[in-house]
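Participant: Please build the complete structure, drawing on both the sequences and the hints.
Residue numbers (numbering that gives the first Met the number 0), protein chains in the order written: chain A, 0 to 379; chain B, 0 to 379; chain C, 0 to 379; chain D, 0 to 379; chain E, 0 to 379.
Treat the hints as calculated values from the structure; they're not laboratory data. Among these hints, one or two may not hold up.
As the list claims (entries may be wrong) - From chain C, some residues computed to sit far from chain A (all C-beta separations above 10 angstroms): (1) T49; (2) I50; (3) D54; (4) F242.
What the hints assert, rightly or not - Derived lysine-lysine pairs resembling DSS-like cross-links, with alpha carbons at most 27 angstroms apart: (5) K224(B) to K270(D); (6) K308(C) to K174(C); (7) K76(C) to K314(B); (8) K314(A) to K308(E); (9) K224(D) to K308(E); (10) K76(C) to K376(A); (11) K91(E) to K314(A); (12) K174(C) to K224(A); (13) K374(E) to K224(E); (14) K314(B) to K376(A); (15) K232(D) to K224(E); (16) K220(A) to K314(B); (17) K41(D) to K76(D); (18) K314(D) to K117(B); (19) K308(A) to K308(E); (20) K270(C) to K76(C); (21) K135(A) to K155(A); (22) K155(E) to K174(E); (23) K135(B) to K270(B); (24) K308(A) to K117(B); (25) K117(C) to K68(C).
Note that beta-carbon positions come from the ideal geometry of N, C-alpha and C, so glycine has one too.
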Amino acid sequence: MKLKPSQITRKLESLFLNNHVKRVYRKPPGQMPGTAIHTGAKRVENVTMTIHDFDLSHYDVIPIEKVEKSEPYILNKSKTWIQVCGLHDVDKLRTIWDYFELHPLIQEDIVSTSQRPKVEFYEDAVFIVMRLITHKTEPNGTINLHTEQVSIVLGKNYVLSFQETDEPIFEPILKRLQQQTTRLRKLGPDYLAYALMDTIVDHYFHSLDLVSISIEEVEEKIIDKPEERHLQKIHALRRDMIFLRKSVWSLRDGINSMIRDDSPLISNEVKIFLRDVYDHVVQVIDSIETSREMIIGLYDMYMSALSIKMNEVMKVLTIIATIFIPLTFIAGIYGMNFDPEASPFNMPELNWYFGYPISLIFMLSIALGLLLFFKRKGWF
Amino acid sequence: MKLKPSQITRKLESLFLNNHVKRVYRKPPGQMPGTAIHTGAKRVENVTMTIHDFDLSHYDVIPIEKVEKSEPYILNKSKTWIQVCGLHDVDKLRTIWDYFELHPLIQEDIVSTSQRPKVEFYEDAVFIVMRLITHKTEPNGTINLHTEQVSIVLGKNYVLSFQETDEPIFEPILKRLQQQTTRLRKLGPDYLAYALMDTIVDHYFHSLDLVSISIEEVEEKIIDKPEERHLQKIHALRRDMIFLRKSVWSLRDGINSMIRDDSPLISNEVKIFLRDVYDHVVQVIDSIETSREMIIGLYDMYMSALSIKMNEVMKVLTIIATIFIPLTFIAGIYGMNFDPEASPFNMPELNWYFGYPISLIFMLSIALGLLLFFKRKGWF
Amino acid sequence: MKLKPSQITRKLESLFLNNHVKRVYRKPPGQMPGTAIHTGAKRVENVTMTIHDFDLSHYDVIPIEKVEKSEPYILNKSKTWIQVCGLHDVDKLRTIWDYFELHPLIQEDIVSTSQRPKVEFYEDAVFIVMRLITHKTEPNGTINLHTEQVSIVLGKNYVLSFQETDEPIFEPILKRLQQQTTRLRKLGPDYLAYALMDTIVDHYFHSLDLVSISIEEVEEKIIDKPEERHLQKIHALRRDMIFLRKSVWSLRDGINSMIRDDSPLISNEVKIFLRDVYDHVVQVIDSIETSREMIIGLYDMYMSALSIKMNEVMKVLTIIATIFIPLTFIAGIYGMNFDPEASPFNMPELNWYFGYPISLIFMLSIALGLLLFFKRKGWF
Amino acid sequence: MKLKPSQITRKLESLFLNNHVKRVYRKPPGQMPGTAIHTGAKRVENVTMTIHDFDLSHYDVIPIEKVEKSEPYILNKSKTWIQVCGLHDVDKLRTIWDYFELHPLIQEDIVSTSQRPKVEFYEDAVFIVMRLITHKTEPNGTINLHTEQVSIVLGKNYVLSFQETDEPIFEPILKRLQQQTTRLRKLGPDYLAYALMDTIVDHYFHSLDLVSISIEEVEEKIIDKPEERHLQKIHALRRDMIFLRKSVWSLRDGINSMIRDDSPLISNEVKIFLRDVYDHVVQVIDSIETSREMIIGLYDMYMSALSIKMNEVMKVLTIIATIFIPLTFIAGIYGMNFDPEASPFNMPELNWYFGYPISLIFMLSIALGLLLFFKRKGWF
Amino acid sequence: MKLKPSQITRKLESLFLNNHVKRVYRKPPGQMPGTAIHTGAKRVENVTMTIHDFDLSHYDVIPIEKVEKSEPYILNKSKTWIQVCGLHDVDKLRTIWDYFELHPLIQEDIVSTSQRPKVEFYEDAVFIVMRLITHKTEPNGTINLHTEQVSIVLGKNYVLSFQETDEPIFEPILKRLQQQTTRLRKLGPDYLAYALMDTIVDHYFHSLDLVSISIEEVEEKIIDKPEERHLQKIHALRRDMIFLRKSVWSLRDGINSMIRDDSPLISNEVKIFLRDVYDHVVQVIDSIETSREMIIGLYDMYMSALSIKMNEVMKVLTIIATIFIPLTFIAGIYGMNFDPEASPFNMPELNWYFGYPISLIFMLSIALGLLLFFKRKGWF
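Facilitator: Structural data, given as structure tokens:
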């Protein structure tokens, strides 16, 4: 018996809803490549499309339903950015894809929301896939990292961006677009694509900051008193770092290829800025590696703290037991019922005048001797 | 005394039948290279051969016994795919090899079923070896990964595929072949080879999904209560990942060489699709690495959970023992038989009016004191 | 609910003040690149600027307030070094930036004080970012590493240096500048830039020396008696090494690019000296790796020392308990109240003539037998 | 005082005889390079030399004593293979070296039997050093790996092979040489060299098979019951893998250089076969890495199995001790000798009608309560 | 408060004298590069300089005090080797440096005795820094590795060698120089430089041999009985390997650059020999890595041996305690003083005819039952 794909999917879906985001989730094997099937969960109610049309002289924002109606904006000489939020309505997305004649593999990748970051050069477009990482503080104070796929298509005169949710991450860019003097208005669509990428990369730093805070907090608590939930926290942090690294790692090569490629779509002026993003990505990767080592260090520290506590417990047991076991034995001796009257050798101590005090003093001196022995060993 | 090859083989065979698939299994040393000897277990009853002959206008499927009889299908201008299931009947296979004049080393590799994945360029053919990974759910609920070697020979006008079993993994491709408008019918045999490779790679994702589910399940159970069988499960997962990685790792370079090679057998159009497969393989390798780290994390977690449980056991023992050992000692004291009549110093407490209650209260206060001490230490 | 950036910042700020220097700290996401915002803590009261104007014939040091007033020094043929201490007053810094027309990204990097070390080539300047590492001995004897960012801009006829504090690290260079015959006076501004870099790299060796001493000290103490605070010291050392490595690692490639680049700003004569700095950086990285392995070794040693101590504790417990438990049992036997008068089988030993001595000798021989057993096992 | 070289040598020799083959064993420092000194143990009685002279029309095998006497075989047009078994008689070997004018460094390497595998190109010869790995089953069932150095010199018309023992590993090649139609007879001496290399590489697979079997066996036993000798077995396996890897690793680059080099001594036809050997070596290295990970996994498993057993032991102790310690205390209470006649408060229970049964029931209920507590904790 | 450099130096000096040789020890930061300051300890009484003047026809050895006086030897056509032992007298060294006009950076590196190995090409000289490793057996039988820096300057017609001590490591070369027919006399100064390097590399093998012996010895002892001093030995071995690796690692690239460089100072004939040294260095690095893995394996083995011993200790305690605790409880029961006369329910067993024997048999059967239980569990 084999597990049916649908069963696997259902299981994975439930893991996904419980925030286990590390899933690999794809179309069934053997299916036609270039088939656009949305493989993620529906994360917004409606797919919204917004046209941002701008050049040095104007900046218009128009929500659209059908891409054909907005053809004037696309055809005119000014730069056009179509921002799409929500990926579950493939038919709606297809209207855009068909209009811009995107390659089937681009289409497939936009809606297969478990892509690794990459930059691909097609004849008339650059296709960029990135993972946006945001964080949410749960009511109980824990901070969870969330991820969504953001795809950017950079064409001759336009930029298309596709994101899974309507998270307002590009808000600052909209504000900058409203100012006439910014480079965004002056330079070409490649600078806009750069700005979008830069914004996403900037978010990584904030997620890393949060992880750093968590590491510090756990570290302080472990030194104080190691508990099982700290172990789970460390494990969760480890997962987060694996997950973060996976989201960023391959981006480095992607951006590097943008800097080194001769594509006419990317100007030299923007390449200097891309070099800056590249530098940031390298810095993020560095920080991730650093955090991973810190987390491994945390784990080692946790285990040693456990060992230390164990040692302490064992010492208490050993000290108490080692002191009282011989004493109890002596008390047991004088609790024996040998008949003193049957023979002068039978426990004559019981009838000695100072029998009891002597035995007590004897016990006391044994106890003190053992205490001294443990003291010498440095056990307390 | 040396272990005879046959003994080794028998031992390995038994390991193999018990699903220990990591075996390296080959022809005896010193034998002529290019000797085709089937080195795997017989996994289907009969070797079956099927010709798929197709172009834009037609698609025929003909089971064949002898390759000579089907020469018309091969010689005509349409594309031909000969699908072979089962590798134990080397004589039957040789009829095909001889007809297509395959290099002896290709012949040897097709039936030596422990090859690592590779892509080799010969003068008039591209030889591709891949490992298909499927899974089976056992009656007891465990999921086992199975592997078989699939070899693909891509020639000028034909594709030969050799698989160990008759697992219907290429079913979806057959369905797509029946539709006249698909790229499979339009493009050359290189696209068919690509489609076969893509299907095999897609299966990796499903195996990885199952591993992810297992990891999640084990993780939850370990947090709850670590048991020895979880350790064995972790160990098995670790083996699976080592095995998966070995099956995929070298494929990356192989596909890369297909993309970069100038062989006339592979068109530029198909290379874009191969780039997609390449990307998937990299993604699979990424996921395998991620899973391996997760499994190592699981192991660490298991060991810490064990330590925590141990600590807990020790604490219970220490608390109980530490409280009662001194009390028992005191009870032992008053169980001594010193004769109170022999001297006024001999256990006068035994005759005190409140001797017994006082001793009980004394014991109780010691117990409470120790409990307080443990409480302060944070032991419960 | 999301954690507001300001809250994160505040948390990070408090970590920072408590000497947790591994922070990643940056401008909010989406902001215009090239925006110069000081992201570190204010570490000196006032931003001071000093002009060092020198050639073979003279050397003048002039503290300045406004860069325009010192234009003569800059425009003349002699070499000019403007040393800036303190980065929090961006407006003041901007006067220099504007005067020398630095690229906005250089401006941003100078005041974003968590850059990784790098060397970037612009059209008319080389931009070098390094991390200076100094150490302070706290009143309690612990040694803390401190870091600050030092940026160097090497132009055609000038060098600009920006540091966070007024730490007098370049003091020895000032002294050498006063001597007329030094290479500093003879060679161009590239040699000055080299000298600054060399000084910073030399400081790494001193930090590493201190770490080496700490490692030796901890090692000796652990062998003597492992304590929890040693574990924390090891953990702190580990963090220091991660942090040091991060500060130096990427510098290697940076300096290498200076040696290999054809920039007219760096002469061949200076490149031989840069090769020397490169060599030192490699040596520092080597030493860091060595120290890291030593620290891991320390950790392993600590854990084994713990285990050994634990074993010792357990042996003491086991020896004492194992010897006295059987003896106490025997004493317990003869403490039973079976009535010897009810039957001749009821504890006749109690009335034997040598009953008590025999029982004592019996106990003694058991104790000696067990001691012999433990001796044979090599337990003490 | 220094350890004299002779003392070191003697120590190493004894280690060597006890099968510790990882020794580095060489000429004393400062000696003239190119000095041929046999550094291994004498492993056959006499050095034997055999000439195999063959071409398409004939195949002769002649044992020789002096190389000069066989000059006709060497000078004729047919291919000549001189097989030398035993390396301790350097004078005898020198007759061959001198005849073929081998470079002094080749001479030195042939008899220094701890070379790492390598391929070196000289003007008129290719010098190949490999390590043959064979296994022997000891009477007690353990399998030991043995190694010897095999050197191959490939010249224009001849092949020289030097091995330490007379292990008949090239037997299958001799058989193939007797058949007139094999490639060995058709192709040049380069194909013979290839065939020798292929045979040696094939032996690696058999050693790896044995290691795999050992790993499986140990794994099964550890799951069943971990014992100290398993640990030693794991340690021995680890050493074997380190040793195997060292024997194979550098061979990869060597063979690769043979494939890529333009030496006229190696034909393109043979290069295709060398590509196959290269592939096998890579596969061996892969398997070694896999086995190493499996062995590390075994070790982890062993340690966890130990911990689990420890936990079990502790639980038994804790359950028994925790149940009986309080009961013994209660029994101790009623064994106290407070005089009931001295006061009504002094142990009135002793005279109660149901005193004894009540106390027994009280003890029983405590025992049951504790059992229930442990049951709840999941301890059994 | 900062630690003064002098304090650090003093601390490091004391560590150094106690044979902690891993120190990084350098000139104070900011000092003029190319300043020759001796940074090591004084290790010979006087700096001695010896001229070896030789060609095919003669070989003269002359101890010199001032380099000028020996100018004839240097200026003549024969090859000259100036061997300097001792580095603390910089003024004396400077006479040589000045005579040969060595670059200031070479001068600095010769006396800064913590250089990593390197090969640097200057216009008219090749500068080689190596670390010589020797060993000394202490009176207590432990073997310590010692290191010193050996610098070689290879010029057109001369070789300069600088070593820290007068250790007679080049003795064998002197002997070979006395023989007229050796290559040393025939070939140029590059061959002499090669011979010096070869001698130093040969010493590595002897140090590695000693480490191998130590590893074997510790391994045997650990299997027998793990003790704390073994742990310290393992730790010391680990340090030695880290230290050895550091001394050799970068030499590989250095020698490689000598083989590949086109410097006229190194002839092709000598390059073949350098290839041999290169090979040895790679072999040393391989062996170091192998030894490191062996040492890690030792550590793991030590830890497991500790765990096994711990388990054994716990088992003895558990068996003894678990058997006697219930028995003692039963003895305690019959030691209670319930008055049999107060009620027929009060301990009637005490008056049974077979009361005592029955109780003893009961105890015995409990003990046997528990023993059987432990036997079944495989505890002994």
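Participant: Now, for every hint given, state plainly whether the structure supports it.
Facilitator: Verification of the hints:
| no. | hint | in the structure |
| --- | --- | --- |
| 1 | T49 | holds (30 angstroms) |
| 2 | I50 | holds (30 angstroms) |
| 3 | D54 | holds (34 angstroms) |
| 4 | F242 | violated (8 angstroms) |
| 5 | K224(B) to K270(D) | violated (58 angstroms) |
| 6 | K308(C) to K174(C) | violated (56 angstroms) |
| 7 | K76(C) to K314(B) | violated (80 angstroms) |
| 8 | K314(A) to K308(E) | holds (18 angstroms) |
| 9 | K224(D) to K308(E) | holds (16 angstroms) |
| 10 | K76(C) to K376(A) | violated (75 angstroms) |
| 11 | K91(E) to K314(A) | violated (64 angstroms) |
| 12 | K174(C) to K224(A) | violated (53 angstroms) |
| 13 | K374(E) to K224(E) | holds (25 angstroms) |
| 14 | K314(B) to K376(A) | holds (23 angstroms) |
| 15 | K232(D) to K224(E) | holds (17 angstroms) |
| 16 | K220(A) to K314(B) | holds (21 angstroms) |
| 17 | K41(D) to K76(D) | violated (36 angstroms) |
| 18 | K314(D) to K117(B) | violated (53 angstroms) |
| 19 | K308(A) to K308(E) | holds (21 angstroms) |
| 20 | K270(C) to K76(C) | holds (23 angstroms) |
| 21 | K135(A) to K155(A) | violated (37 angstroms) |
| 22 | K155(E) to K174(E) | holds (24 angstroms) |
| 23 | K135(B) to K270(B) | violated (33 angstroms) |
| 24 | K308(A) to K117(B) | violated (53 angstroms) |
| 25 | K117(C) to K68(C) | violated (32 angstroms) |
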